[in-house]
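Colleague: Two chains, two separate frames, one set of hints: put the complex together.
Respectively, the protein sequence lines represent chains B and U. Under this note's numbering, the first sequence has 12 at position 12, and the numbering climbs by one with no breaks. To convert a position in the second sequence, counted from 1, into this note's numbering, add 1000.
It cannot be assumed that every hint is accurate.
What the hints assert, rightly or not - According to the in silico footprint, chain B covers these stretches of chain U (three or more CB under 8 Å from chain B):
{"hint": "1", "stretch": "1069 to 1083"}
{"hint": "2", "stretch": "1113 to 1119"}
{"hint": "3", "stretch": "1160 to 1174"}
Stated by the list, open to error - Have a look at the derived ranges for each label pair, beta carbon to beta carbon:
{"hint": "4", "chain 1": "U", "residue 1": "1087", "chain 2": "B", "residue 2": "25", "range": "20 to 28 Å"}
{"hint": "5", "chain 1": "B", "residue 1": "125", "chain 2": "U", "residue 2": "1087", "range": "21 to 29 Å"}
{"hint": "6", "chain 1": "B", "residue 1": "85", "chain 2": "U", "residue 2": "1087", "range": "22 to 30 Å"}
{"hint": "7", "chain 1": "B", "residue 1": "33", "chain 2": "U", "residue 2": "1149", "range": "29 to 37 Å"}
What the hints assert, rightly or not - To give a feel for the contact side, a few chain B residues facing chain U, derived at Cβ under 7 Å:
{"hint": "8", "residue": "9"}
{"hint": "9", "residue": "10"}
{"hint": "10", "residue": "17"}
{"hint": "11", "residue": "22"}
{"hint": "12", "residue": "26"}
Source of the hints: derived by calculation from the structure; they are not laboratory data. Built from N, CA and C at the ideal position, the CB exists for glycine as well.
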Amino acid sequence: MKENDLERELSNLGNEFQKETLSISLIPSTLRILKGQGRKAPLFLRTIPIFLALLLFLVLVNLFSFTTEPLLNITKMVFLVFSLITGTLFIFKPEKMIKADKKMIGRLSFRGAIATPLQETILFRLQGVYFILIAFLICKL
Amino acid sequence: MAEEEVLLVAKAKKGDLESFGKLLASIEAKLFRVALILCGERETAKDLLQETFLAIYQSLSRFSGKSSFYTYSYCILLHLYHKMRRKHRKILIPLLENLRAPTLSPAKSFRKEEKKEKVRQAIAKLPSPFQEVIILRYLEELTYQEIARNLKIREGTVKSRLFKAKKLLRGQVSTFDKRSG
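Looking at chain U on its own, in the form it has when it is part of the complex (with noise of 0.2 Å):
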């Protein structure tokens, strides 16, 4: 953990909300990403992104400074996550919500568009540990070094949720792929 982020830390363990506005303010977007993706649709990963900070705030005092502030506030918007959607078992995660004006062909920009939306919603169907390592990785672009670190897992461990993540997410896509015929 940076010299600056330890400071900020320990002034927002004592209630120095300024300080801990500062450490939100080095993590939202890269948050709001994760929700995004997860959710699909912007006004509940910004209700998912705020529930998270709230979050943060309550069990800052448990954070131990052995991971990057980043990583744990990232778990806690993925177990967030998971909670509310075993709250929601039944809600479909938005399909195509996220389309783009499309630049190809309507028919091509459609199937391109929907293609990753089944990527997408495959990714908010994992597991947590699985969904972790696929957005570190591709999401944020990390190294399978820089995953382990930051989870604190070891870099085999990594590869193997990695693969077997990937296994997961072809099924799920397939099985999309069938639904829709």
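If we strip away everything but chain B, and leave its shape as in the complex, we get (with noise of 0.2 Å):
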């Protein structure tokens, strides 16, 4: 490519670009998360998700099906365990989870989501629900 073909095709591009347009402005959202981020919850309401995983664990040990194998009892707690928090963090902080389901992904996150934010949160809320019935399989099993 010449000097000039590539000079004229910037100036093209340039121009091109320059009637791209945002359908929808991000300031709103923006705004939204600073102000979500600069006001904290009260203390009650943060110990809430631990307060419930803790009832949970409660209720799902009393149904826990001990085996005479102890080696196969610890792996079903840490199973438990493992599926309780899992859970509990997906219905109660489906942002944070999202972030680091991202991250792990991450080839497929940087051309962006499919789904919108409110798409994505019930669908993580949901696979809450899903790992606390594993939680539930994982005692009578």
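Modeller: Here it is, written out as structure tokens:
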């Protein structure tokens, strides 16, 4: 490509992109995020997830079917705790899990999410319910 | 920096989100276009823009006002874009996602769009200092003097960077040409 050609292409590209506009401004959502960051929830609200997870754990432990194999019991217990913690996080902290998920998949997130933020949150909360069900199944195993 | 901008920055630094919103409104469209040139697709450009907005707010206390608010934000956007690229090195910048409805014959239109896309991709792959000058010169249509003032570099440096950037672009575009046969 010659210098003049490149200059022309660059100018064309500049003109072309001058026409591009955002359909919806990102400012309101940005300000909402910043407002949310600035405002801290009361202590009792922040402890609700931990309290509920603990409550669920106590309920599920009652249903736990212990076997004579100590190793199996430990494995089941580890899986139960893991499923409970993951499930609780998915339900109560979907935005944090979405962030972690995007970091993990990396490559795909670069292309942008297909779902809207609301759809993502709903999906992650549903996954949370799924994890709690797994925890329940582990108890009954 | 304009007087109004100074006032808004000062208020935003104190946590006034309304002023911060006004500041963002003055640069949003321009920044979006830069993000779009770099990312090549609207959704990723939007994500990058939102990340930039949040990063601007977090680093607002470090903004001394020596450059314009736009230049400051623009540098943050470029920094985030390169961080993103480093993280996802293997990702190919999307090809021909911005094709518009053809006005020429399909073959001619395709070739024209392909050429444009190659140039855009080549810009996206440039190192940050060269990218800055190319975008400011051809997208923002700033003069050498204005670029120098915005980036706080000498006019001679702007010219030499532009020269080097165009050389790199030509090399990059010919590589694409060879690859596509």
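Colleague: State for each hint whether it applies.
Modeller: Each hint tested on the structure:
no., hint, result
1, 1069 to 1083, "violated (count 0)"
2, 1113 to 1119, "holds (count 3)"
3, 1160 to 1174, "holds (count 5)"
4, U/1087 x B/25: 20 to 28 Å, "holds (27 Å)"
5, B/125 x U/1087: 21 to 29 Å, "holds (27 Å)"
6, B/85 x U/1087: 22 to 30 Å, "holds (27 Å)"
7, B/33 x U/1149: 29 to 37 Å, "holds (33 Å)"
8, 9, "holds (5 Å)"
9, 10, "holds (4 Å)"
10, 17, "holds (5 Å)"
11, 22, "holds (5 Å)"
12, 26, "holds (5 Å)"
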